[in-house]
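Participant: Each chain is listed here by its residues.
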Amino acid sequence: MSASAGSLRSDRPRGRWVGRLFYGFLLFSLVLGFATLGALLVQVFLEGYKWVDLVLFLEPPSADPLIAGAEPAILATIFLGVLLILFTVPLGVGTAIYLEEYADRERWYNRLLEVNIQNLAAVPSIVYGILGLAFLVRGIGLGRVLLAGAMILTLLVLPTVIIAAREAIRAVPDSIRQGAYALGATKWQVVWRQVLPAATPGIATGSILATSRGLGETAPLLLVGALTYVSFNPTLLGEFTALPVQIYQWVSRPQEEFRTLAAAAIIVLLGILLTLNATAIWIRNRYERRW
Amino acid sequence: MSATMAAVSVDLTARARELPAKEFREVVFHVEDLGVSYNGNAALQDVSLEIYRNFVTAFIGPSGCGKSTFIRCFNHLNGLIPGAVVEGKILYHGEDLYGPHVDPVEVRKRIGMVFQKPNPFPKSIYDNVAFGPRVLGMTDRLDDRVERALEQAALWDEVKDRLKASALSLSGGQQQRLCIARCLAVEPEVILMDEPASALDPIATTRIEDLMHELKRDYTIIVVTHNMQQAARVADMTAFFSITRGEEGQRTGILVEYDATSKIFTQPSDKRTEDYVTGRFG
Amino acid sequence: MATREAAAPQPLRLRASRRRWGEDVVKVVLALCAFVSVATTVGIVVALFVPAIEFFREVSIVDFLTGTEWAPLFEPPSFGVLPLVAGTLLVTVCASFVCIPFGLGGAIYLSEYANRRTRRILKPMLEILAGIPTVVYGYFALTFVTPRLQDIGLPVGVFSALSAGLVMGVMLLPTVASISEDSMAAVPQDLRDGAYALGSTRVQVSTLIVIPAAISGIIASFVLAISRAVGETMIVLIAAGGQPNWTWNPLEAVQTMTAFIAATGQGDVPTGSIEYKTIFAVGATLFVMTFVMNLISIRLVRRFREVYE
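Top line first, the protein sequences correspond to chains W, L and D. According to this note's numbering, the first sequence holds residues 17 to 307 in order. According to this note's numbering, the second sequence holds residues 585 to 866 in order. According to this note's numbering, the third sequence holds residues 13 to 321 in order.
Do not take every clue at face value.
As the list claims (entries may be wrong) - A few chain W residues that don't get close to chain L, going by computed Cβ distances all over 12 Å: (1) 39; (2) 59; (3) 134; (4) 198; (5) 199; (6) 200; (7) 206.
To be verified - Derived DSS-like pairs (lysine-lysine); straight-line CA-CA distance at most 27 Å: (8) L:673 <-> W:203; (9) L:673 <-> L:606; (10) L:800 <-> L:673; (11) L:800 <-> L:847; (12) L:744 <-> L:707; (13) W:203 <-> L:800; (14) L:701 <-> L:748; (15) L:855 <-> L:707; (16) L:744 <-> L:800; (17) L:707 <-> L:748; (18) W:203 <-> L:744; (19) D:135 <-> W:203.
Simulated from the structure, these hints should not be mistaken for laboratory data. Virtual Cβ for every residue (Gly too), placed ideally from N, Cα, C.
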């Protein structure tokens, strides 16, 4: 039987259809995700853009949607962002340095520490809220204040910062450390003068990304007392709200105008997060060294 | 003997006359029954020899014979590797480097190291050389120290106008000379070099070898090299290491022969040495 | 003819001139930083289980775990947690119907079909989906998805498990896709080449060769997504409902464990009251569920890493 031209063409039309259907399903999977993202963004922007104005930024919330603004919430979110960076960076980098440079991997307690951090990264955010409620708000009587919210968000975000900082520290080549030790530097001198400066871009990127995630969290703040109706500007030890909480409060109201307000506030929140993420990525692209 | 070895040996016998007689040599290190094991596996054992001041001493041998492990014993760099255990003694000016209370930082102030692959810090040229003095508290007249170190490393003329430039912008050979300058800036007594030229091109290699000749006037140099011709060119004394196999087949490094370079390459006492230097194996 | 000992260049002193206190201090400070994470875990366990144990002294744990009526404020109160668990599971199942098949589909596309440039663009874009705050997803569920469901004729009210579940599924899509894709990317190319050389189609290679080889990472991604669905709060708080409802019908409104905790915790519930303690009893239940799932997921991930790395 001689081979004829065209005998290489697939003679299994069913196979071809299966292939096409399968491919269609795969494409649909991706399209589903992106289409939803698109619909979400379009919905938010179309509904809310008209109300992103000075009123939103400068007025406190009110029962009348036409004069309500989100100033306390926006300020609180910015305030929380600053506190988050202030708290998480030293704690997270300190833990990462300890695990990477000082801890003996063979010891059981150090391995437990690593497992512990992995577990904490996967705990639902509302559990952190419960932690805050029990210990900070009621336990030591700190009350429903901004500081408590900042502390709880710090704990929530900390495992992510630790993991990012460890990656950055690990990426610094060992030859740099050896060269520094060989000159007579002590361990801390090597870490502080060589390892950390080299790891800084990675640490900065990771911390900013983690903070951005923390600022989008609502559930822990609800439990720690972010009140849903706050009309004064936030202070460290005063009652507070935050942008995600304000959005939640407005979404829960039945009136149509509050939905619109919520959409406007969402635009602001997304704007803040986008700025943070873009900054982090810019830092990574500009400063990160490829060893 | 091959033609190359003949040429080298003429050069060697000329230089052999330059080596001071044994009674005039000064001992810097006295190594006694040194052994190193990693997690129970012996990498090196029963090494005994003396290192003399202002000599260039080369460690040669096939790969895996423990010469890099050995050189790292002199500046306690093995201590950075978990599971590394050093037995035996290294007396440095009569004091045991591995005695109790010996601080590795103090050891490394006096015994510096240059690595196989140049490892400049990701900082400026100036900051690279200044790093050692800064961490050791030698910050007086820092600019002078940096200049002097760079001059001794034969790099000053090439970089004096761009001290603030990143060290990573230098060529491989320049980076290695920078690492040497960095080492010199803390004013050590001994310089350890672990295959300092193996990552460099031949011209850069020659410059490093010339540098070793000049530096030995003021410093004591120990160099590990896998390049026999290099050892023949630069070293006054040469130690040849090889590998023995244990009963279960483990490979351990041992010192086979240690003598003036001219003798190692022209009239080795041990057959294993002769096999190695004539290229029959290794 | 013995050699002479060389004189040391300066008086030789190999001991440290003074004990380096700074180094010890540094180590202690750093260890304290690390200790914060330990303290957090201990805090979580204590915060959850101490009040929960107190709760179970007043309420029988059997009644709690098997009762189908959750009405802690009624007279007499009932503390059957099953409606809340059912609510959680209902939403989770709806979410799984979205994120598992389509997350896997996206992963297969990225891993087996897309070229490198496409993957480099699409993968970060998918991450954006994961970065949107959950409260925004809740808003979307309420204002877009629910009306659309009503438009196509489904008898859903303002709140429904389906609406929240669908949106949650899309939110979790990147989780499944990303981890599954990593797992598939770790499968050596030789396996695929061997199959292609035998004349297999891409469909066959993807489903019969790659997926089985990457299965532990893929399952890990499913488990992780489900765990996140169980622990999610805002989407369900906004869009699923606020009344406990013992039902298996996703078209109805339900209250999940997380929504209950959020709703009760917000209010000024008197400390130490039985109502206050319900927060912790339900919280402890939630924590145990997610903890077990996370352990399984981590184990699976470790297994897929070991096989290929």
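Participant: Hint by hint, note whether the structure agrees.
Facilitator: How the hints compare with the structure:
Taking the minimum C-beta to C-beta distance to chain L, about 47 Å, the non-interface status of residue 39 of chain W holds against the 12 Å cut. With a least CB separation of 47 Å from chain L, residue 59 of chain W remains clear of the 12 Å interface cut-off, as annotated. Distance check for residue 134 of chain W against chain L: the nearest CB is about 23 Å away, which clears 12 Å, and the non-interface claim stands. For residue 198 of chain W, the requirement that its beta carbon stay farther than 12 Å from each beta carbon of chain L is not met, with the minimum near 4 Å.
Remark: the non-interface label on residue 199 of chain W conflicts with the geometry, its nearest Cβ contact in chain L lying 4 Å away (cut-off 12 Å). Distance to chain L contradicts residue 200 of chain W as a non-interface residue, since its nearest Cβ pair spans about 4 Å, not more than 12 Å. The Cβ of residue 206 of chain W does not lie farther than 12 Å from every Cβ of chain L; its closest approach is about 9 Å, which violates its non-interface assignment. Restraint check for residue 673 of chain L and residue 203 of chain W: satisfied, since their Cα atoms lie roughly 25 Å apart, inside the 27 Å limit.
Distance hint between residue 673 of chain L and residue 606 of chain L is fulfilled; the C-alpha atoms sit about 22 Å from each other, no more than 27 Å. A distance of roughly 25 Å separates the Cα atoms of residue 800 of chain L and residue 673 of chain L; the hinted pair therefore holds under the 27 Å criterion. Straight-line distance between C-alpha atoms of residue 800 of chain L and residue 847 of chain L comes to about 20 Å, which keeps the hinted pair within the 27 Å bound. The suggested pairing of residue 744 of chain L with residue 707 of chain L holds, with an alpha-carbon distance near 16 Å, which does not exceed 27 Å.
The suggested pairing of residue 203 of chain W with residue 800 of chain L is violated, with an alpha-carbon distance near 30 Å, which exceeds 27 Å. Using a Cα cut-off of 27 Å, the hinted pair residue 701 of chain L and residue 748 of chain L holds, with the two alpha carbons roughly 22 Å apart. Between residue 855 of chain L and residue 707 of chain L the CA atoms are separated by roughly 49 Å; this puts the pair beyond 27 Å, and the hint is violated. Simply put, residue 744 of chain L and residue 800 of chain L have alpha-carbon atoms about 24 Å apart, close enough for the 27 Å limit, and the pair holds.
For the suggested pair residue 707 of chain L and residue 748 of chain L, the alpha carbons sit about 9 Å apart, so the restraint of at most 27 Å is met. Distance check on the hinted pair: residue 203 of chain W and residue 744 of chain L sit about 31 Å apart at the alpha-carbon level, beyond 27 Å; violated. For the suggested pair residue 135 of chain D and residue 203 of chain W, the alpha carbons sit about 39 Å apart, so the restraint of at most 27 Å is broken.
Hint compliance for this structure: hints 4, 5, 6, 7, 13, 15, 18, 19 are broken, all remaining hints hold.
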